[in-house]
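Asker: Next come the chains, spelled out residue by residue.
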Amino acid sequence: MIIAVASGKGGTGKTSVSVSLAKAIAELDSKVKLLDCDVEEPNANLLLECSRISETDFSVKIPSLDISCCTGCGKCAAICEFNCIAVVKERAVIFPDLCHSCGGCSLVCPEKCISEIESKTGVITKYSSGKIHLVQGILDIGKAMSPPLIREIKKNTESEIVIIDCPPGTSCPMVTAVSNADYVILVTEPTPFGLHDMTLAVDTLRKMKMNFGVVINRSDSGDDRVENYCRKENIEVIMKIRESIDAARAYSKGIPLYDALPEIKQDFISASKTIMKRAGEKI
Amino acid sequence: MKIAISVNSSDLEDKMDMRFGRAKKFMVYDTESKTNELIDNTQNLNAAQGAGIQSAQNVINAGVEAIITGHTGPKAYKLLSESGVKIYHSEEKCVKDIIADFTNGILKEADSADVEGHWI
Amino acid sequence: MKELVIISGKGGTGKTSLSAAFASLAENAVIADCDVDAADLHLVLSPEIVKSGLFESGKLASIDESKCVSCGKCSELCRFDAVKNNGGVFSIEETSCEGCGVCAHFCPAGAVIFEDRKCGEWYISKSRFGTVSHAKLFAGAENSGKLVSLVRKNAKEKAVEEKKDLIITDGPPGIGCPVIASITGADAVLIVTEPTLSGEHDLERIASLIKHFRIPFSVCVNRFDVNEEITSRIEKKTLELGGMVAGRIPYNKIFTQSQIRSLTVTESGCSEIENIIKNIWENICRRMMMTI
Chain A
1 MIIAVASGKG
11 GTGKTSVSVS
21 LAKAIAELDS
31 KVKLLDCDVE
41 EPNANLLLEC
51 SRISETDFSV
61 KIPSLDISCC
71 TGCGKCAAIC
81 EFNCIAVVKE
91 RAVIFPDLCH
101 SCGGCSLVCP
111 EKCISEIESK
121 TGVITKYSSG
131 KIHLVQGILD
141 IGKAMSPPLI
151 REIKKNTESE
161 IVIIDCPPGT
171 SCPMVTAVSN
181 ADYVILVTEP
191 TPFGLHDMTL
201 AVDTLRKMKM
211 NFGVVINRSD
221 SGDDRVENYC
231 RKENIEVIMK
241 IRESIDAARA
251 YSKGIPLYDA
261 LPEIKQDFIS
271 ASKTIMKRAG
281 EKI
Chain B
1001 MKIAISVNSS
1011 DLEDKMDMRF
1021 GRAKKFMVYD
1031 TESKTNELID
1041 NTQNLNAAQG
1051 AGIQSAQNVI
1061 NAGVEAIITG
1071 HTGPKAYKLL
1081 SESGVKIYHS
1091 EEKCVKDIIA
1101 DFTNGILKEA
1111 DSADVEGHWI
Chain C
2001 MKELVIISGK
2011 GGTGKTSLSA
2021 AFASLAENAV
2031 IADCDVDAAD
2041 LHLVLSPEIV
2051 KSGLFESGKL
2061 ASIDESKCVS
2071 CGKCSELCRF
2081 DAVKNNGGVF
2091 SIEETSCEGC
2101 GVCAHFCPAG
2111 AVIFEDRKCG
2121 EWYISKSRFG
2131 TVSHAKLFAG
2141 AENSGKLVSL
2151 VRKNAKEKAV
2161 EEKKDLIITD
2171 GPPGIGCPVI
2181 ASITGADAVL
2191 IVTEPTLSGE
2201 HDLERIASLI
2211 KHFRIPFSVC
2221 VNRFDVNEEI
2231 TSRIEKKTLE
2241 LGGMVAGRIP
2251 YNKIFTQSQI
2261 RSLTVTESGC
2271 SEIENIIKNI
2281 WENICRRMMM
2291 TI
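Heads up: the sequence lines are chains A, B and C, in that order. If you read the first sequence in our numbering, its first letter stands for residue 1, the second for the next number, and so on. If you read the second sequence in our numbering, its first letter stands for residue 1001, the second for the next number, and so on. If you read the third sequence in our numbering, its first letter stands for residue 2001, the second for the next number, and so on.
Hints are supplied without guarantee of correctness; some may be wrong.
Taking lysine to aspartate or glutamate pairs in the EDC-like style, the calculated list, with each CA pair at most 20 angstroms apart, reads [unchecked claim]:
| hint | chain 1 | residue 1 | chain 2 | residue 2 |
| --- | --- | --- | --- | --- |
| 1 | C | K2253 | A | D220 |
| 2 | A | K207 | C | E2094 |
| 3 | B | K1024 | C | E2157 |
| 4 | A | K155 | C | E2204 |
| 5 | A | K253 | C | E2094 |
| 6 | A | K89 | B | E1082 |
| 7 | C | K2118 | A | D203 |
| 8 | A | K61 | C | D2081 |
| 9 | A | K89 | B | E1065 |
| 10 | C | K2253 | A | D66 |
| 11 | B | K1078 | A | E49 |
Label-pair ranges, simulated between beta-carbon atoms [unchecked claim]:
| hint | chain 1 | residue 1 | chain 2 | residue 2 | range |
| --- | --- | --- | --- | --- | --- |
| 12 | C | E2157 | B | T1103 | 34 to 44 angstroms |
| 13 | B | D1114 | C | L2241 | 17 to 27 angstroms |
| 14 | A | K120 | C | L2241 | 19 to 29 angstroms |
| 15 | C | G2087 | A | E243 | 48 to 58 angstroms |
Honestly, the hints are just simulated from the structure, not real lab data. Every residue gets a Cβ at the ideal spot worked out from N, C-alpha and C, and that includes glycine.
Please model the complete structure; the sequences and the hints are all you need to start from.
Answerer: Below you can see the structure in the form of structure tokens.
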């Protein structure tokens, strides 16, 4: 069962909600895998008391040219949609920074002189925290692309229950993280920015035909526009979390919502039961 | 030998275009015959990584052995130097003076790109 | 003409609210909203669109069923799991397609349609604070930074045309391509962060990116009173990294309240916050003038 936690807007509490859900499910006596796919700025490990198990480099494939057999035919440059290959003076020159690792150049070369080599773009770290097993990906600074690293992290789904902490936004990193989930939780806040970005995320999830519900964080800090929108659009509000300076202070020190206040803990436990029920249902 | 200078127009009194990748034109000057021709550089500069690489391809295909410009990004630099083209950086001056500087050996070869690429 | 870019590393720190406040304080600026994946600045600037255009980037593959022979070659070669096989009927999932063209190239039946992808829309608008350059990225689109660059390019052109001396750019969160595209060539960067372990951690990452580009930067901690200890750590770290501490802003409900009224925080009548932000703005302006 795969549950993805996303948001349109950044800073709505996605990571705190992901970690809290993982803790709630672990409390219900189940092993949980938490995948932190916010690879530009992963934070889940800061909210869990965990011990590191392993750390491995992540690499993508980029083309490597054997100059000795290159005839400068230009077929590799012609197939590359990302301008990673230039041909001058009868030889190809490769610019791998924006390579999407599609393999096209290597496939198309008639002399078979393009092979693929590994180029490190990030690191995958595994942590253990009681019944929660955290897999985190972090993208190297200056590296262009999140999706390949996100896809690699998502290979870690050999567990009954998997929670994915997704990157914010609605562009390709979020789409990659959310795809194939059984249920998506959109975390939002009751403000104009929160609603606006949530509607974009809703459009994306509907386009992907995903099953989803909403968690409203700091639910009493704004107005009722988000709830009105959810009612109008027939979107289930799974949980509302009230604004609390104590919870904010706790979060600043690395304490997730689940552990900040006892009433929130209970809310998460019942929310997790609802979410697992929804994730098990077919649309 | 032929050298390419990033320019805005064919006017030798006009100032050089300081940017290589986004230069609208290149003046290709032949140091032996002391003649010059203008080549256009406004191909699709909107392609990703387009500017530096395409501009470099442009001057290489024109058969130059050296380029003079204000700044070169890492991709243009890589392509030019791997193709054996020397890169010289100059202050913003009029083209006529730059050619004189080059002929008199005043300009120094750049040993690396001096500005960041734009990723896009 | 100078450009100030406001970024955050971690999302939700108040970057856009602050950018809007600066827009209201600046006298001679063009505003650029480069947070193209979930753009919000327009919600408080209320711009009226004057000009707009379609943004096309990359390509998208689709299968012409009438020509498809169901050989499965596309599926075999696709590295992005974008080809779906529904009982012998092959189709390409738009949100997974990278636009690499490998399937189109190798399809033996010529059944793959490969065309330019419409990724978003750009706009040039007018607002009560001047011209705004902004855009919208369509859902699931590739956020390579090209649309960000286009928004900045449009802003620059308008600034030259209108003889404005400053561009205020609301940048995207994160540290990827869109952020890089928003800061290259900028004269100054302001990082808006929050006093949490996450905020502190993300700040270090974003600061190292900026140092790589050698752009002068300053830091402002928003909601600093949630954790003053971490605020001090962040400010100390900023100085160690060679940045300037632009100021600190206390938590105040006025941020949400003014947003709800579609106003900037500096139009909302809360003089405490107004003065604090004015002070930060003056510090930043002074620093920008100093680096001529």
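Asker: Evaluate each hint against the coordinates.
Answerer: To see whether the hints hold, each was checked on the structure:
no. : hint                                       : in the structure
1   : K2253(C) with D220(A)                      : holds (11 angstroms)
2   : K207(A) with E2094(C)                      : holds (10 angstroms)
3   : K1024(B) with E2157(C)                     : holds (17 angstroms)
4   : K155(A) with E2204(C)                      : violated (29 angstroms)
5   : K253(A) with E2094(C)                      : violated (41 angstroms)
6   : K89(A) with E1082(B)                       : holds (10 angstroms)
7   : K2118(C) with D203(A)                      : holds (16 angstroms)
8   : K61(A) with D2081(C)                       : holds (16 angstroms)
9   : K89(A) with E1065(B)                       : holds (12 angstroms)
10  : K2253(C) with D66(A)                       : violated (62 angstroms)
11  : K1078(B) with E49(A)                       : violated (46 angstroms)
12  : E2157(C) with T1103(B): 34 to 44 angstroms : holds (38 angstroms)
13  : D1114(B) with L2241(C): 17 to 27 angstroms : holds (23 angstroms)
14  : K120(A) with L2241(C): 19 to 29 angstroms  : holds (25 angstroms)
15  : G2087(C) with E243(A): 48 to 58 angstroms  : holds (50 angstroms)
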